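Trainee: Residues per chain are reported as follows:
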Amino acid sequence: MATQVIARTPAHARIGAAPGSRKKDPGRVLRLYVPLALYLAFTLIPFYWMIVFALRPAGSTTPIPWPITFEHFDTVWNDIGYAVFFKNSVIVGVLALFSTTVIALMGGYALARFRFRGRTAFMVALLCTQFIPGAMMLIPLFTIFKGLGLINSLWSLVVADTVFNLPLSIILMSGFVAAVPFQVEEAAMVDGCTRMRAFFAVVLPQLRPGLIAVGSFAFIHTWNNFLFALMFISRQDNFTIPVGLSYTIGEYSADFGALAAGGVVAAIPVVCVFAVIQRYLVHGISAGAVKG
Amino acid sequence: MALASTPTARGRPRALRWAPYMLISPTVLLIAVFLVYPIGSVLYYSLRNHNLTKPWANGFAGLDNFREMLFHDPLFWSSLGFTVKWVVVETGLQLVLGLALALIVNESFIGRGLARSMVFSPWAVSGVLTTGIWILLYNPTTGIVRYLGAPEAAVLGNPDTVFGALVVTELWRGVPFFAILLLAGLQGIPGELYEAAAVDGAGRTRRFRHVTLPHLRDAIVLATLLRSVWEFNNVDLIYTLTGGGPAQITTTLPLYVAQRAIDSKDFGYGSALTTAGFVILLFCSLLYLRLSRFGADHKG
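Chains as they are written, first to last, in this note's numbering: chain W, 1 to 292; chain R, 1001 to 1300.
Because the hints were derived from the structure by calculation, they are not lab data.
Just so you know, these numbers come straight off a predicted model, no measurement behind them.
For every residue, glycine included, the Cβ atom is placed at its ideal position computed from N, Cα and C.
Any given hint could be a false lead.
Claimed, not checked - Sample of chain R residues lacking proximity to chain W, with all beta carbon distances greater than 10 Å (derived): (1) 1066; (2) 1072; (3) 1075; (4) 1076; (5) 1081; (6) 1095; (7) 1224; (8) 1248; (9) 1292.
To be verified - No farther apart than 27 Å at their CA atoms in a straight line, the calculated lysine-lysine pairs in the DSSO-like style are these: (10) W/87 to W/146; (11) R/1054 to W/146; (12) R/1265 to W/146; (13) R/1054 to R/1265.
Kindly generate the complete structure, drawing on both the sequences and the hints.
Mentor: This is the structure in structure tokens:
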């Protein structure tokens, strides 16, 4: 539990605690900068390669995309239908984000603030769901959604993605709620607030980092989910980005410009979201999941 | 425990006693309908012939599906073998590289925030997108492998190189997961411990072995377990990058299930394969947790 306290202090305040840092030290270059540079190259060159293919004219082989062309983006967005896939992915992603965050907030609050009969069983059940493979649930989930008449509907993806996002989101969220001192809430209740009002007035504002972490986590997972969309959706106007991209990989395998441009369209939202929330994610995990 | 100061259900007004159950009810309902019930139905279907393309042959099959799987389906055994190889190699390499990366970005240097964002970013990328990117890199005529002196042959079509190509591709996306989890663990280690160890004359290596590793132990166990399960179930990347080929040598068990479910709509046999996968996964996970004595107090 001490971890939670530590995790709340900003990283840069603590990092200097490790001895030897910031000292002039030739070993540091070998130990730190060389491997970091190598790893950065390994991470970034693939991204760069995709961008090069997306921006240079078909047939060109220069490693620098000049002159720049947007013809590939025009092809994927207007001709292949990425405009529609993108819209579908945004709809599913945003709906799953909201449903996951709200339900996880309720569950996380219950876990952090109440001790009730069945609490441990609930926790264990949440952890156990992590062993359930999504790929192996394809068959029964297909049958269920068929019974509900949701095959070929984006709602099937919202529901399935929410279910698979929930367990980890609740555990993360309960870590964030537990980090808000209960006394704050109690003080508000002493002042005459109901518990619900105290929650909305006092606790919720302090949960902002948690809401951001859990929400973006849910959005990224939903945006990226491929198998459910592949299995449940067969009408092209309901395709999401990963399914569209997989068809581009299959059918346009000779048109690398289109493939790369499709990849850039798929990457931009998640990479942007990720860049913003990366700090919250590390903190959230150290507060919640690892030392639950 | 942090919960010591929180109210208990007993002794509270009636409304509050029910509050936690109301709060968890949506989760319980969703998990029951979309996770627990499906598991039951997988077990049920595994005992039946159920093929969407051959509805006339549907019916009770007893243990036929399992008999077929164990004794007459070489692809079951080869896919299982490949799954084990895949999980062990991927998880092992990701752990080593992820730990190294976490240690590096835990140091303080100028531009650390930016460096973290960049090295972690593949975590946010989907399996399909990873395939899209690496297909460009692996392509024999336009890809980057050309510059590395690779022969003018398809890396992904060659049985000798396809495994290495798959492993590198998944490492690109998988290492950040370990790095994020382990960095979170590193940040939980009190700095005083390092200072005390340094005062006692412990060098860098000894500090790592005696302070860092013991503290990361639970995080490492949890991360390797979650990741192994995840790599076991990783279908997106292999499905789109190699399709299990060439000649089915990169087919994992879940990929085989997905192919049966999506391509041939053979739900009965696919459910039997699923059941086998569940049992194996559950058994291995429990064994691993047991052997690693997860959660026991090793820090004393």
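Trainee: Now look at each hint and say whether the structure bears it out.
Mentor: To see whether the hints hold, each was checked on the structure:
Against the 10 Å criterion, residue 1066 of chain R stays outside the reach of chain W, whose nearest CB is about 16 Å from its own CB. With 10 Å as the threshold on Cβ separation, the claim that residue 1072 of chain R sits away from chain W holds: the shortest Cβ distance comes to roughly 21 Å. For residue 1075 of chain R, the shortest C-beta to C-beta distance to chain W comes to about 16 Å, beyond the 10 Å cut-off, and the non-interface label holds. For residue 1076 of chain R, the condition that its CB be more than 10 Å from all CB atoms of chain W holds, with the nearest at approximately 14 Å.
At roughly 18 Å, the least C-beta separation between residue 1081 of chain R and chain W is larger than 10 Å, which holds for a residue marked as non-interface. At roughly 15 Å, the least C-beta separation between residue 1095 of chain R and chain W is larger than 10 Å, which holds for a residue marked as non-interface. The beta carbon of residue 1224 of chain R sits about 13 Å from the closest Cβ of chain W, which is more than 10 Å, so the claim that it is off the interface holds. No Cβ of chain W comes within 10 Å of the Cβ of residue 1248 of chain R; the nearest lies about 17 Å off, and the non-interface call holds.
With a cut of 10 Å on Cβ distances, residue 1292 of chain R stays outside the contact zone with chain W, its closest approach being about 15 Å. Proximity of residue 87 of chain W to residue 146 of chain W is assessed by CA-CA distance (about 24 Å); at most 27 Å being required, the pair is judged to hold. Between the alpha carbons of residue 1054 of chain R and residue 146 of chain W the distance comes to roughly 18 Å, so the proposed pair stays at or under 27 Å and holds. Taken as a hint, the residue 1265 of chain R and residue 146 of chain W pair is honoured in the structure, with Cα atoms around 14 Å apart against an allowance of 27 Å.
The suggested pairing of residue 1054 of chain R with residue 1265 of chain R holds, with an alpha-carbon distance near 9 Å, which does not exceed 27 Å.
Every hint from the earlier list agrees with this structure, and none is contradicted.
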